[in-house]
Amino acid sequence: MARDVCSNIFGVDVMVSTTPIEPLPEVRREVTEALRYGEALERTFERAANAVGGVEVRDFAIAGCAIRLRFAGSAAIAKMTPGIAHLAITAAEAPSLTPDLTPDLTIDIWDGASTGVEVPPAPWRDDPNAYGAHGEVRGYDETRVSIAFNMFFDALSFLDRDRDYAAFYVRDVAAIPFWETAAPLRVLLHWWLSGRGLHFTHAAMVGIEAGGALLVGKGGSGKSTTALACLDSDLRYVSDDYCLLSGCLLSGAPEPRAYSLYSSAKIRPGNTHLPHLLPLAYNQEREPDEKPFVLLHEHFPEKLAPSLPVKAILVPHVTGQPDTQIAPTKATAALLALAPSTIFQLPGGDTAQFQEMAALVRAVPCYSIALGTDLAQIPRAIATLLEQVVS
Amino acid sequence: MANASRIFRVNAPDVVSETIDGETVIIHLFKGLYYNLNPLGSYVWTQVEAGATQAEVRERLAQQYANFGEAEATSVAQLFEKIVAEELVVEAECADAGAEPPAIATPPETFEAPVLYKYADMQDMLALDPIHDVDEAGWPSLPPEAVEASKTF
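Taken in sequence, the protein lines are chains D and W. For the first sequence, numbering that gives the first Met the number 0 gives the first residue as 0, with consecutive numbering after it. For the second sequence, numbering that gives the first Met the number 0 gives the first residue as 0, with consecutive numbering after it.
Pulled from the structure, derived: some chain D residues nowhere near chain W, Cβ distances all over 10 Å: (1) R57; (2) H85; (3) P278; (4) Q324.
Below are the SDA-like pairs computed for lysine to any residue, each with C-alpha atoms no more than 25 Å apart in a straight line: (5) K329/D to T105/W; (6) K302/D to A209/D; (7) K329/D to D20/W; (8) K329/D to V114/W; (9) K78/D to G218/D; (10) K117/W to D349/D; (11) K81/W to Q354/D; (12) K117/W to R361/D; (13) K117/W to G131/D; (14) K329/D to V9/W; (15) K290/D to D123/W; (16) K290/D to D231/D; (17) K117/W to A351/D; (18) K81/W to T350/D; (19) K81/W to L23/D.
Simulated from the structure, these hints should not be mistaken for laboratory data. Where a beta carbon is used, it is the ideal one built from N, C-alpha and C, also for glycine.
All chains, please: the whole structure from these sequences, using the hints.
As structure tokens, this is what we get:
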């Protein structure tokens with residue numbers, strides 16, 4: 000008999016919603032309205048900067064793209080740059096990126112509390128159906144403009160793709176949570192980089208120079224612990240939570256490659272495997288409900304790799320047994336572990352993103368990795384696998 | 000029971016699917032749900048994608064499997080009911096002339112009842128209730144329990 004099974008491939012019970020979910024009514028809005036709002040945001044940023052003594056500029060090289068963050072004053076810098084500090088560039092390192100030239104993407108960042116300048120009222124404010132599930136503003140031509148409001152800490156993200164211009168406004172810098180400091184600007188970077196063939200991916204990545212293993216799975220599956228366990232080995236580290244994947248496999252581009260995005264590693268409460276990392280936490284003075292996170296470029300700079308080619312995909316699961324073992328698994332198991340947790344994290348998940356991930360699991364061999372409690376075995380097992388698949 | 004002569008199409012763009020090595024992964028982007036189908040279910044799915052009716056699928060399976068009887072036909076019918084109930088497919092007015100050919104040319108070697116596995120563990124990443132509460136500037140707000148949940152990020 001056909002069955003509707005509520006379970007989890009890793010043996011974890013899951014909750015199934017029993018409440019019918021009504022589809023949102025279709026919304027159409029004129030994109031010119033959004034573009035005018037973007038221009039208003041740009042003017043508002045200038046007023047905010049003037050109010051606090053000018054613009055502070057920080058430049059970053061993210062997967063080969065020059066991204067300029069312009070801050071109104073300095074209030075938000077310490078909250079918005081630590082997680083990407085390892086990608087910071089200076090004029091000396093990149094002479095082509097000077098104030099006289101246009102970076103690939105410019106993001107204006109300011110807050111209302113320190114500048115006294117708030118964003119203009121939203122043109123969609125009277126529309127009860129304006130917002131989607133991620134706080135994204137619905138109805139505009141998303142090939143041109145994307146807008147979302149982060150309800151967790153009252154922040155507005157705006158992207159005009161044609162102008163490579165973005166704005167990020169937060170009501171109060173003090174409200175920016177630790178997870179935004181650890182992994183800033185996820186929504187804007189996801190939107191803009193996807194247009195460059197770089198896919199924001201919920202995955203860890205470690206490896207050797209010839210190639211790496213992409214670790215895929217939802218939070219708690221063991222990918223982060225695996226990546227961090229590799230810091231004590233010869234393996235290089237690209238990410239433990241989010242990375243950027245290039246490839247455009249559907250268009251027959253070269254091999255997929257994973258790029259470093261954030262150097263922050265969050266330590267889950269109750270993770271007893273990594274006690275040596277806790278004293279290195281960036282947020283030593285944290286709230287009780289705040290996770291510690293370590294900026295790896297400050298403590299393990301030699302381990303960080305800017306990018307590695309993807310040669311294997313690993314689906315981790317925790318066993319409680321001492322030994323670590325790797326065995327081939329189905330591509331669909333890897334896709335189930337990779338796609339939903341990536342697509343549902345951020346606004347804008349769509350068919351193309353899913354097809355790209357499907358192409359990835361088709362092209363790259365997939366394995367399950369049963370994670371043992373003897374952490375030293377984990378990097379050895381991964382290194383042995385990689386030496387086999389790259390040879 | 001669903002009318003066996005109806006033609007369905009995948010409920011795009013809300014639903015996306017990929018079939019790899021005889022298994023199918025399906026994501027309902029709007030609902031925050033995802034699914035996979037075992038090999039027989041995957042075969043049925045690819046036939047539906049190609050515009051086959053339930054009656055046509057049943058006929059092909061009957062030709063393929065000597066032991067295809069009433070119980071097997073019922074299991075296939077129930078799968079159709081499930082994928083309709085989950086809004087993974089919707090009724091099409093007519094067969095899609097441009098439909099992709101089935102990714103699997105033949106069914107699995109042996110008949111194993113179709114199974115639709117359903118996962119809902121990502122739903123907490125989405126605000127499933129429509130966001131209607133906004134302040135005078137137009138900015139939405141979350142209920143306190145959602146703010147509390149964000150602390151686990």
